[in-house]
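Protein chains: 4
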Amino acid sequence: MIIVLKAGVTEKEIQAVITEIEKQDYKTHVMHGVERTVIGAIGDERTHRNLESLITWEQVEQVMRVQKRYKLVSREAQPKSSVVPVREVPIGGKKIQIMAGPCSVESESQLMETAHAVKEAGATILRGGAFKPRTSPYEFQGLGEEGLKLLAKARDETGLPIVTELLSQDHAEMIAEYADILQIGTRNAHNFQLLIAAAKTGKPVLIKRGLSMKIEEWLLAGEYILSNRNPNLMFCERGIRTFETYTRNTIDLAAVAAVKSESHCPVVVDPSQGVGRSDLVIAVSKAAIAIGADALLIEVHPNPAEAWSDGAQQVDLNGFKKLMDEIRPFIAAAGRE
Amino acid sequence: MIIVLKAGVTEKEIQAVITEIEKQDYKTHVMHGVERTVIGAIGDERTHRNLESLITWEQVEQVMRVQKRYKLVSREAQPKSSVVPVREVPIGGKKIQIMAGPCSVESESQLMETAHAVKEAGATILRGGAFKPRTSPYEFQGLGEEGLKLLAKARDETGLPIVTELLSQDHAEMIAEYADILQIGTRNAHNFQLLIAAAKTGKPVLIKRGLSMKIEEWLLAGEYILSNRNPNLMFCERGIRTFETYTRNTIDLAAVAAVKSESHCPVVVDPSQGVGRSDLVIAVSKAAIAIGADALLIEVHPNPAEAWSDGAQQVDLNGFKKLMDEIRPFIAAAGRE
Amino acid sequence: MIIVLKAGVTEKEIQAVITEIEKQDYKTHVMHGVERTVIGAIGDERTHRNLESLITWEQVEQVMRVQKRYKLVSREAQPKSSVVPVREVPIGGKKIQIMAGPCSVESESQLMETAHAVKEAGATILRGGAFKPRTSPYEFQGLGEEGLKLLAKARDETGLPIVTELLSQDHAEMIAEYADILQIGTRNAHNFQLLIAAAKTGKPVLIKRGLSMKIEEWLLAGEYILSNRNPNLMFCERGIRTFETYTRNTIDLAAVAAVKSESHCPVVVDPSQGVGRSDLVIAVSKAAIAIGADALLIEVHPNPAEAWSDGAQQVDLNGFKKLMDEIRPFIAAAGRE
Amino acid sequence: MIIVLKAGVTEKEIQAVITEIEKQDYKTHVMHGVERTVIGAIGDERTHRNLESLITWEQVEQVMRVQKRYKLVSREAQPKSSVVPVREVPIGGKKIQIMAGPCSVESESQLMETAHAVKEAGATILRGGAFKPRTSPYEFQGLGEEGLKLLAKARDETGLPIVTELLSQDHAEMIAEYADILQIGTRNAHNFQLLIAAAKTGKPVLIKRGLSMKIEEWLLAGEYILSNRNPNLMFCERGIRTFETYTRNTIDLAAVAAVKSESHCPVVVDPSQGVGRSDLVIAVSKAAIAIGADALLIEVHPNPAEAWSDGAQQVDLNGFKKLMDEIRPFIAAAGRE
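Protein chains in written order, with my numbering: chain G, 145 to 481; chain H, 145 to 481; chain U, 145 to 481; chain P, 145 to 481.
Any given hint could turn out to be false.
Repeated chains share a single entry, so a pair holds when one copy, or any two copies, can fit it.
Unchecked claim - Here are the simulated DSS-like pairs of lysine-lysine, each with C-alpha atoms no more than 30 Å apart in a straight line: (1) 167 - 347; (2) 171 - 238; (3) 465 - 167; (4) 239 - 167; (5) 466 - 347; (6) 212 - 347; (7) 224 - 466.
Everything labelled a hint here was simulated from the structure, so no lab data went into it.
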């Protein structure tokens, strides 16, 4: 770490900082600048005590990290891009995968109609929420296990693997029994106990970016999966919270390129949540592919106006077919399939 | 709800919207403006289907709520301010309570030294983390149940009730056995399963504001406690995430006045997390009291530079005494004790 | 406008609001809901007094607009997309235009080398800053009129029209003499006097989005150009300020699709400012084209490490050639030239 | 500056960086860590070329500043707090000054009524806008010079010095003729040409914080005043833009303490803009005083519901009297007058 001292500190004050740093088993290296003295603390920042607390000392102005905080998710640890196998559907390879389906599973007919339609239009994975995290306790909370059973049935009928959200540690085993990918939602991206529970099921895990999660924190959330011995991790950009209100969230597409550059894990983009309005979903899907997404996650509903949750961002069956048609040239332009 | 149609829609398109609204059991009321037609959907928005999905229709421009989404936490439901009893310490009454203690419980000596010192300086509740949510899996995760036992011992010695964080549903019972207040941390403020588990213990619950939680969402998180039959709820402002980097978070003190005005529940302020740097904690504490906080939550450590977590924001024992001295005139100015 | 009253107001309080609204020459329309009364104020919101101040009345809970605040920039005013003529280079037509050049004009050799290189690689417009808005008064402020002369010379040599920033009303005439497009920078996007001065030169104007400008405000800034009788307006997305620090700004590509949908004016994307790091510029350029940008604005420098301003975000001459090669398939996929 | 190289760079790559740094007249100092090499560039960062562009080099991972970018506004340059003289009203001394008056000057009667009322209630400076920056070109733009004349007349009648906004370089002289303090509004906080023009009038300047201005940038904006030989500078916190919509802006009161700690210049707080709703203005005023503000800026209107601009945030004459009464104990608690 680098410790910058204030201008005008005494030799004794410098020495006190050095003594404290060495007490934490770092070696020190002092640099005298024109105005300020800088101390390098040499040692592995991930195994030594964090020195950031030194900032509470009167004579210290800044404490800066030198190393990256994440390890296993980084390209330094594994330069080659990972491919996550989901039944016969590999995510992160040459083929761009399309995950599609309703925000919530509402009924057998709603799910089956959607599942068949998205498959026919070219989707390769089925999404659907059985347990829903809702801002208000008075809103529809999902069908629960009944929803999982319907998803499994839809998989049987269409052959599409399924992705569904895990929102309680208590459900980890149950959901792992039905699902092919466990999704960690944006509101739980910082729920480390849930991340660990998901990792331990051994199933592929998709971590949505938290509402106000920095890229570094998101990578560290992923580190919770890999360090719990589950190698099958995907990141999913779904928009962050900003001052803009035209869209429900601000989708940070540059983050896709950033994570692809920092990490070997596949990156999925969720345009539906990202903008929260169905009229922009196709445009964002094209851009997501152009910037390097490995997969898309699209909310599709036979009748969005009557959806039990988040209708505003779901496209209808025709809209999804149109989307699949319109993204095709961009998949080709990206050299993908 | 209010549905605004686009300029230039046909009578038939208007009729289609009306039919859909009435299908959801709302009554309708049509208003023709100079440029746009507006439809009022009359019915309780909390028990009827949300009409926001109508925005997916071509002819619809805006859908706006009329009612507030929260009920039990609101002053409409209970005009008089609630007082939460924590052993003999009432929160929300005339006396401003000071919760103080280390970020993490690190050892018996560290905790006991702090507990005695904060009590002597005037603190009325002891805080301390036994289970810690950490951004990186490689950071100190807390002493666990061992930490809870030390907290209970400190309570026995000092008489101070204790507040500690609950971060896993699996720990709800265990923590409720030791703690007098269950704290829901900022990273779990949207973890509804955890909120329900906390509510069900019957212990007082303190909900920190999520990193990027709107005031309305925060009140709705509180609604999860009250609607699960636990009346003892406190909100705690601890800073939100913005573009500013001088402070770790941006403490939103106006939110204290806002929540006091919307809700009958007590509001606590955490200046330590709020700014993330100990040099500003006293100043923020004064402002928190001036704006109407019912209690403060202050991180105190005998030696912040060697703290195992968040040292930069902890004040030392002398700093805490100074804080208590300096806030006294503001407590008096606020007409509190 | 729609005025929502609080629950439990008296008939007299309702009447007082109605009287006030009618005093402002709106017609009123009352709707009684299950819990709240809603009053519609019927009249053109752009020519009548704004009623938002009614919120200061005890009995009023919300005041909501019904109409859009912008007029001339909207597709309601002009459904067909505008094409802005810049010498022989039309912006907003089928061909995607590439504006490229250094952040600052530093010297004749630096500019000429860059101008010839970008032209050869396929750029159609030359960018370069002569007057630079700098956060610190101690940083390089641009070559001033000397820089403009060099830009004119580069145009003579290469035939490329030039775009350069206007940052002072006092320079409007001078810059209009040299430049083909006047750029309003992000820090001046809310500087209405400058917008008016730019409009009045009659030259095409490019308005960058302000650091924290909502899409609605950005469109209204454009309204200042069109309502000052200058029809040649372009919007330029260049990233907004958020909590993320990995990139210098967060580029909001969905805003491109949003503005294209709300407005008939062309939209330009500036990936260089948008991310502030040259390693992500190509990826963002591809996405910008995929999502519907009419032009790109790329910072190019022969030796970014020695640039006098914003070196981190400038690509070098080879990097620009690579960019032009890599975006080509996406231009084709978008059905553009 | 500190340059951190990537893990695994070769000796030759390190040498190339050193050569480049020395070319810019810095001395270098190399530190080999466990994983990364760090180079210190020793030299005054404010007079040498900025090395941040080195980040474009393949082998460079981070470039970090060591020195602060501001000089004249800092407490390092002047440890003692400045007092800005405004006629007989010193700002920054023991006495807390209250600036009050309407958002816009609308008419002689409106202004005179307000001026007399605020004076009687204890205000010491009169505020009022004559030139208004408005988001929409269709909104009231202020009375212009006519408004300035009315302000001067109100000063003659009440003896209160006046503060009014400067929003165009062209008006600097005219406004300086009438006003005692020139206010730079939030939308122009990054308009450096305007800052210079304001500084050159020699009148005291009050810089509002930009909508999304970091504290460091705000201090640097102040540096534009002091480095243009005008010593009479005040900063004014008026809320920043965040995701929260309950309040119009998020007032960052900790920034008051931060600026007081970094700079010797007085700090003013504008609660009216800060929250944008009159019901919270008194509460925020108390907190502002508690946290160390030297003055408040309060919008007052005889009839806010009919104000020509920003009625929602203006208090009426009685509200202002109540405010003055309620803040008194906090002024005493702060040891001020």
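*Sort out which numbered hints this structure fails and list those numbers smallest first.*
1, 2, 4, 5
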